[in-house]
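Engineer: Starting from the known structure of chain A, fit chain B onto it as the hints suggest.
Chains as they are written, first to last, in the working numbering: chain A, 212 to 477; chain B, 212 to 477.
Be a bit skeptical, because a hint or two may be false.
Any copy will do: because identical chains look the same in the list, a pair fits if it lies in one copy or spans two.
[To be verified] Distance condition first, Cα-Cα at most 25 Å in a straight line; then the derived DMTMM-like pairs of lysine to aspartate or glutamate: (1) LYS239 with GLU273; (2) LYS239 with GLU267; (3) LYS397 with GLU411; (4) LYS436 with GLU308; (5) LYS419 with ASP256; (6) LYS460 with GLU378; (7) LYS244 with GLU267; (8) LYS244 with GLU266; (9) LYS278 with GLU314; (10) LYS277 with ASP461.
Just so you know, the hints here were simulated from the structure itself, not pulled from any lab data.
2 protein chains.
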Amino acid sequence: MKKGYKSLITLMGLPSSGKSTIARMLAKELTDKSGILTVVIGTDDIRKIIPSQLEEFDPDIEPIIKKLTLNNVQFCLNNNFIVINDDMNYYKSMRHELKQIAEETQAHFILIHIQISLETALEWNKKRGLPVPQEVIKRVYHRFDPPGDYKWDTPLVTIQSDKRSPEFAIKTILSKLLPIITSPFKPQVTSPPSKPGINEQIDKITRKMVADFAQTNKNPPLLKKISNFRIDYIKNLPNKEILIDELEKDFSQKLQEFVTRVKQAK
Amino acid sequence: MKKGYKSLITLMGLPSSGKSTIARMLAKELTDKSGILTVVIGTDDIRKIIPSQLEEFDPDIEPIIKKLTLNNVQFCLNNNFIVINDDMNYYKSMRHELKQIAEETQAHFILIHIQISLETALEWNKKRGLPVPQEVIKRVYHRFDPPGDYKWDTPLVTIQSDKRSPEFAIKTILSKLLPIITSPFKPQVTSPPSKPGINEQIDKITRKMVADFAQTNKNPPLLKKISNFRIDYIKNLPNKEILIDELEKDFSQKLQEFVTRVKQAK
Chain A
212 MKKGYKSLIT
222 LMGLPSSGKS
232 TIARMLAKEL
242 TDKSGILTVV
252 IGTDDIRKII
262 PSQLEEFDPD
272 IEPIIKKLTL
282 NNVQFCLNNN
292 FIVINDDMNY
302 YKSMRHELKQ
312 IAEETQAHFI
322 LIHIQISLET
332 ALEWNKKRGL
342 PVPQEVIKRV
352 YHRFDPPGDY
362 KWDTPLVTIQ
372 SDKRSPEFAI
382 KTILSKLLPI
392 ITSPFKPQVT
402 SPPSKPGINE
412 QIDKITRKMV
422 ADFAQTNKNP
432 PLLKKISNFR
442 IDYIKNLPNK
452 EILIDELEKD
462 FSQKLQEFVT
472 RVKQAK
Chain B
212 MKKGYKSLIT
222 LMGLPSSGKS
232 TIARMLAKEL
242 TDKSGILTVV
252 IGTDDIRKII
262 PSQLEEFDPD
272 IEPIIKKLTL
282 NNVQFCLNNN
292 FIVINDDMNY
302 YKSMRHELKQ
312 IAEETQAHFI
322 LIHIQISLET
332 ALEWNKKRGL
342 PVPQEVIKRV
352 YHRFDPPGDY
362 KWDTPLVTIQ
372 SDKRSPEFAI
382 KTILSKLLPI
392 ITSPFKPQVT
402 SPPSKPGINE
412 QIDKITRKMV
422 ADFAQTNKNP
432 PLLKKISNFR
442 IDYIKNLPNK
452 EILIDELEKD
462 FSQKLQEFVT
472 RVKQAK
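If we strip away everything but chain A, and leave its shape as in the complex, we get (with noise of 0.2 Å):
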């Protein structure tokens, strides 16, 4: 009855924009279909096994469940399943992470790019009952790497999923899906290590300088305001293809005018 061939479908895409109910349905379908067990992994998740991190969510457990998410995949690939992992996936990194270990166990990495409007994203979330605050909506919204620079980086299927039904999705999605998971697995010339994408560039370089200026300053209040500014400031950034080499000048000069202006209004 096995007439499909390993495969893991990366989803991407904002918070409430349908992942889930779409990796759930896509899953039910293919299983039936190919005959073969299709598996849903996302961090969700694997969050809930760790207690303390519901009550009381600490960033730096964070990595732990993103490297217990990725051993599933792992795992599940190298037990012959389809695998689909529900995760924002919104830097270039976090695809290429997912790409890796794609070919390490040579099964086909699909992208499918789950996109929906920010306005409707936030709308769903607070029909949901606000499981993700709108903040993070938008902050992903605001980092997120648009696919498409390379070849693997680049969608099979794109839906709108705040145009289109669940059901219309699934359709579109099996009927360019199944031909690839039904053919076997040709290990293609390795493509060179992509550089992170710019969104994710600018977080590094303006986090670390954060992490820089509270390591000799310890004041808490402070170092708050200082993370909203970051934020902030990234949001506003008007051109990001040339800002990036001059960003680490630009940031530190606007982060010293910020302190000095904090200080100022004490």
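Structural biologist: Below, chain B without anything else, positioned relative to chain A:
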């Protein structure tokens, strides 16, 4: 802040005995008290990653879920967490498998028995809206291999969950547990591999005989009746200790009589 050593805390008990409540509360307390991340891993949570299994239960999938669960236990121990295994572990062989993982990863192995009367388990299950069929609870009750035959298979604590509050249970468990998880692991003289418990042997022998019979008799309604007959047979075995040698002969004879009766009744 790390004051503890990696440990595998293995729960055992009936469905609806309160294992999950105790597991979650204990995890939170241990994370707070030892500073070591404590995770709760159980097949019920792992099963959720396979959407088809939730809609239509397929017994052939269960060994995969078991394998995935054990893989997560192992991964978390290798990463120096404290792991609580929240499963029924009614066969000695299930407990032994976990004991071996603990040995391989050089983790403390600690067994905690959550005891409850069959009546209260059935009542609590009913109150929760029957997440588990009552039949399953009865079946697990009759199959339970009692612990205590080996040192490793002897619970550190036995909690009467129908007589004590979860808060009291946690207090009792912690007082015995903390001295162990705060001392380094010492490898013990390896115990000889244990035989499966008596209930598991009976289950396996009769299950195999029914499967052999099914090979040559493709008659689903009859096989369904035989499956129930087998369960009743096990439940009503008068003296399990004596019967094990005679079992194959006895069950074969009773099975033949049963099949004849069913066929005549038509």
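Engineer: Which numbered conditions among the earlier hints are violated in the structure presented, ordered from lowest to highest?
Structural biologist: 3, 4, 5, 6, 10
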